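S.K.: Single-letter residue listing:
There are 2 protein chains.
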Amino acid sequence: MNIELINTGAELMLGRVLNTHQQWLCRQLADMGLVVTRQVAVDDSASAISQAVQEALARAPLVITTGGLGPTSDDRTRDVIAALLGRKLHLDDAVLRQIESYFTARKRRMVESTKVQALVPEGATVLLNAFGTAPGLVIEAGHASHCDLPQLLVMLPGPPRELRPMFTNQVAPLLKQRYPQQTALVCRTLKTTGLGESLLEEKIAGPLQPLVAAGLELGYCARVGEVDVRFAARGELAAKLVAEAESLARSLIGELVFGADEDSLEAAVVQSLTERKLTLATAESCTGGLIANRLTNVPGASVVFWGGLVSYANEAKQASLGVRAETLAQHGAVSRQTACEMADGARQRAGTDYALAVTGIAGPTGGTADKPVGTVFIGLATPGETLVQRHLNPFDRETFKWVTSQQALDLLRRAVSGLRTSA
Amino acid sequence: MNIELINTGAELMLGRVLNTHQQWLCRQLADMGLVVTRQVAVDDSASAISQAVQEALARAPLVITTGGLGPTSDDRTRDVIAALLGRKLHLDDAVLRQIESYFTARKRRMVESTKVQALVPEGATVLLNAFGTAPGLVIEAGHASHCDLPQLLVMLPGPPRELRPMFTNQVAPLLKQRYPQQTALVCRTLKTTGLGESLLEEKIAGPLQPLVAAGLELGYCARVGEVDVRFAARGELAAKLVAEAESLARSLIGELVFGADEDSLEAAVVQSLTERKLTLATAESCTGGLIANRLTNVPGASVVFWGGLVSYANEAKQASLGVRAETLAQHGAVSRQTACEMADGARQRAGTDYALAVTGIAGPTGGTADKPVGTVFIGLATPGETLVQRHLNPFDRETFKWVTSQQALDLLRRAVSGLRTSA
Chain A
1 MNIELINTGA ELMLGRVLNT HQQWLCRQLA DMGLVVTRQV AVDDSASAIS
51 QAVQEALARA PLVITTGGLG PTSDDRTRDV IAALLGRKLH LDDAVLRQIE
101 SYFTARKRRM VESTKVQALV PEGATVLLNA FGTAPGLVIE AGHASHCDLP
151 QLLVMLPGPP RELRPMFTNQ VAPLLKQRYP QQTALVCRTL KTTGLGESLL
201 EEKIAGPLQP LVAAGLELGY CARVGEVDVR FAARGELAAK LVAEAESLAR
251 SLIGELVFGA DEDSLEAAVV QSLTERKLTL ATAESCTGGL IANRLTNVPG
301 ASVVFWGGLV SYANEAKQAS LGVRAETLAQ HGAVSRQTAC EMADGARQRA
351 GTDYALAVTG IAGPTGGTAD KPVGTVFIGL ATPGETLVQR HLNPFDRETF
401 KWVTSQQALD LLRRAVSGLR TSA
Chain B
1001 MNIELINTGA ELMLGRVLNT HQQWLCRQLA DMGLVVTRQV AVDDSASAIS
1051 QAVQEALARA PLVITTGGLG PTSDDRTRDV IAALLGRKLH LDDAVLRQIE
1101 SYFTARKRRM VESTKVQALV PEGATVLLNA FGTAPGLVIE AGHASHCDLP
1151 QLLVMLPGPP RELRPMFTNQ VAPLLKQRYP QQTALVCRTL KTTGLGESLL
1201 EEKIAGPLQP LVAAGLELGY CARVGEVDVR FAARGELAAK LVAEAESLAR
1251 SLIGELVFGA DEDSLEAAVV QSLTERKLTL ATAESCTGGL IANRLTNVPG
1301 ASVVFWGGLV SYANEAKQAS LGVRAETLAQ HGAVSRQTAC EMADGARQRA
1351 GTDYALAVTG IAGPTGGTAD KPVGTVFIGL ATPGETLVQR HLNPFDRETF
1401 KWVTSQQALD LLRRAVSGLR TSA
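Those protein sequences? They're chains A and B, same order as listed. Counting along the first sequence from 1, when you hit position 413 you're at 413 in the numbering used here, and nothing is skipped either side. Counting along the second sequence from 1, when you hit position 45 you're at 1045 in the numbering used here, and nothing is skipped either side.
Bound conformation, chain A alone (with noise of 0.2 Å):
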């Protein structure tokens, strides 16, 4: 089945934001066993956004729109759409008083222009909009040549917190009961940290390749720090092939699993401190908070994370964590034993069960030969010892402060699991 996605707005187009909604629904929709076979973004423009849609709608019986229905003046989306289809506007009362007690609870004012958002075309169903004022809208419209059912015509907002809880609450289940036997696909998803791509690969493809063989879709998917592994299948024995191949998978690589499907490595290493009833403090140095942002994340972080301190001067080092003097005048602040000394510190000031600290050269400066950029000192003082992990990351300064991230919340994961800590 042919799906178009097309996403509207000129910042694409001029390249001023990262169109993460190609990705997040395009993801939502494979996982469902809808694959995307077109994606399109254009300006705001009512030509391109008509010709757009025209060529999807000629092509394909599930047209997905983002954007467009705001209340400025480039927001047209709703107006092309209704003009194309040839259905009339009419200001919805109900969408209207939603709209309006969205400015009431936040007591700011309605501005008159907003109330173009009520208007919806002749035989739109409204997707009402929990976290935002502009209602999605679904529309049947006409007959796609090679299948039963109407074409449907699903109109999002741009804003992703309004987009994403609308298309999970309220336009999936739609599409599952509407297309029952292309949304039967089982799909499976192994979360890893800690080995490449390729090293990965070799590892269980071989294992796999009868399931590969029987039907099984096997994929990998490599990002800054982690690498997913993928099992998809349709038909009868899809539930079996996915558990078969996942339960393989994890007899061969279980260590270097975190989670599956969603999960986060920060959501892993809370639900593992929570269900231990451990807590948690954090020393960060050159990832200036990133750690503790990630963590806090985590709703019910509360419950495990004490704090954190982000230790980014020296003195900071010294005053908050109890790092001494010498050993920084000694070793540096770039160093194992200033490692140590943080997580001791914030173990013993914080009174928790673990504390992690990370020190290193982000860069682009400060590197030397012993200690190049990208050099990393991750320390976790535990209830029984003290380890200290040294690991090279020369990256650019975030994604450094990224796969540091990763390897300290990884290390924390496994001390806290009983598996090997080794870098």
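Since the hints were derived computationally from the structure, they do not count as laboratory data. Quick caveat: nothing in here was measured; it's all calculated off a predicted structure. Fair warning: there could be bad hints in the mix.
DMTMM-like cross-link-like pairs, simulated, lysine to aspartate or glutamate; straight-line CA separation at most 20 Å [what the hints assert, rightly or not]: (1) B/1203 with A/112; (2) A/115 with A/93; (3) A/240 with A/217; (4) A/115 with B/1202; (5) A/277 with B/1315; (6) A/191 with A/263; (7) A/191 with A/201; (8) B/1277 with B/1353; (9) A/107 with B/1396; (10) A/176 with A/261; (11) A/203 with A/217; (12) B/1240 with B/1031; (13) B/1277 with B/1385; (14) A/107 with B/1370; (15) A/107 with B/1202; (16) B/1115 with B/1074; (17) B/1203 with B/1217; (18) A/191 with B/1011; (19) A/115 with A/79; (20) B/1277 with A/315; (21) B/1176 with B/1140; (22) B/1203 with A/74; (23) A/176 with A/236; (24) A/191 with A/244; (25) A/191 with A/262; (26) A/176 with A/148; (27) A/191 with A/246.
On the provided structure of chain A, position chain B as indicated by the hints.
M.R.: Frame of chain A, contents of chain B only:
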């Protein structure tokens, strides 16, 4: 001039990776005055690529593709385009030697299949790849009906670290030379925070109308917690129009403008502190390290940023910041008084000029009638006084954290710059 970008790859359609090529290439091209009119992503099947290229060539004098030039069986762009244009492929000795030397230099064995990358369509210009093995290709392909020049088809390899230098060093100069008129664009973006898109438009759209009538392009791009205002113009008066627009906009909304073009709020704050030789510490509860993380993404932040405390637990607020137990008991952890004591405590303990503190209810639980989920208090201790702002940010957890960090950094920006600081 129509310009189309075609990104190929099954991983894009499955939503496994972000299409960073789109943003990067669109941005590079737009800043040269060449705005991409349509971007299409398709999987790497021959039929999908062929159809997408054919449609693009029917509309656009310039078509750029990414991906599918490598040595594996799913790299089909070269073959598909040669077939589409009826060009024979020949083995190019110079390219082959370059690929061989790439392997020799890395002491790696060259697999036979790698040679396919030295196949060049008749009449194509080769773009040598300094960072990989797949060369890029440029082909002149017939005439677009509305253009004097032959159409241009540029094929770039998929890996970003190969594509980007190839575009910058070889493709951009070629395009500037070929399209001198189109590449004469003047473009300027003002970055703002503190007001929504509609209210911002309400303030400036009217006054800017005469400039728009004279040829100014005016656009808005709303992101979480900030809005871009973009001015662009072409022709003789372009520079004057854009400068007048910027000046007029600054006179109307100047206090909301924290930077221009590529500036980030955190970089603006670091720069502002650096210029004034001022130092900063942070004390974060509900933002959990995000503010420190953003500040430390800025190269050179260590000059002004002492470090921060992430005081997630109440005990952390008391132990690390000296917030009094009575204050927490009487007013609660989320209160004007606690924010004030957190900021004062951080400033005193760190010995910095400023200290920024945030405490709030990220949710989803923990709200009361008085202080609903999303309530946040931002404290700023300055050499003269301690300011506290109250905000309501009723969003999901990560959006809440981001918006709060924007408000906190903006309060600091305003205080440092001597602007109004009432919420």
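S.K.: Hint check: residue 107 of chain A vs residue 1202 of chain B, CA-CA at most 20 Å. Holds or violated?
M.R.: holds (19 Å)
S.K.: For a C-alpha distance cap of 20 Å, please report whether residue 1115 of chain B and residue 1074 of chain B respect it.
M.R.: Since the Cα atoms of residue 1115 of chain B and residue 1074 of chain B sit roughly 15 Å apart, the hinted pair holds (cutoff 20 Å).
S.K.: Compare the distance between the alpha carbons of residue 277 of chain A and residue 1315 of chain B with 20 Å, and conclude whether the hinted pair is satisfied.
M.R.: holds (18 Å)
S.K.: Taking only the CA atoms, is the gap from residue 191 of chain A to residue 246 of chain A under or equal to 20 Å?
M.R.: Holds, at roughly 11 Å.
S.K.: CA of residue 240 of chain A to CA of residue 217 of chain A, is that 20 Å or under?
M.R.: holds (13 Å)
S.K.: Taking 20 Å as the top limit, are the C-alpha atoms of residue 191 of chain A and residue 263 of chain A close enough?
M.R.: Roughly 7 Å separates the two Cα atoms, so the pair holds.
S.K.: Does residue 176 of chain A pair with residue 261 of chain A here, judged by a C-alpha cut-off of 20 Å?
M.R.: holds (19 Å)
S.K.: CA of residue 1203 of chain B to CA of residue 74 of chain A, is that 20 Å or under?
M.R.: holds (16 Å)
S.K.: Does the structure keep residue 191 of chain A and residue 1011 of chain B at a Cα separation of 20 Å or less?
M.R.: holds (16 Å)
S.K.: Residue 1277 of chain B and residue 1353 of chain B: Cα distance at most 20 Å?
M.R.: Distance ~9 Å between residue 1277 of chain B and residue 1353 of chain B Cα, so the pair holds.
S.K.: Do the alpha carbons of residue 176 of chain A and residue 236 of chain A lie within 20 Å of each other, as the hint requires?
M.R.: Distance ~18 Å between residue 176 of chain A and residue 236 of chain A Cα, so the pair holds.
S.K.: Taking 20 Å as the top limit, are the C-alpha atoms of residue 1176 of chain B and residue 1140 of chain B close enough?
M.R.: Holds, at about 16 Å.
In this structure, none of the earlier numbered hints is contradicted; all agree with it.
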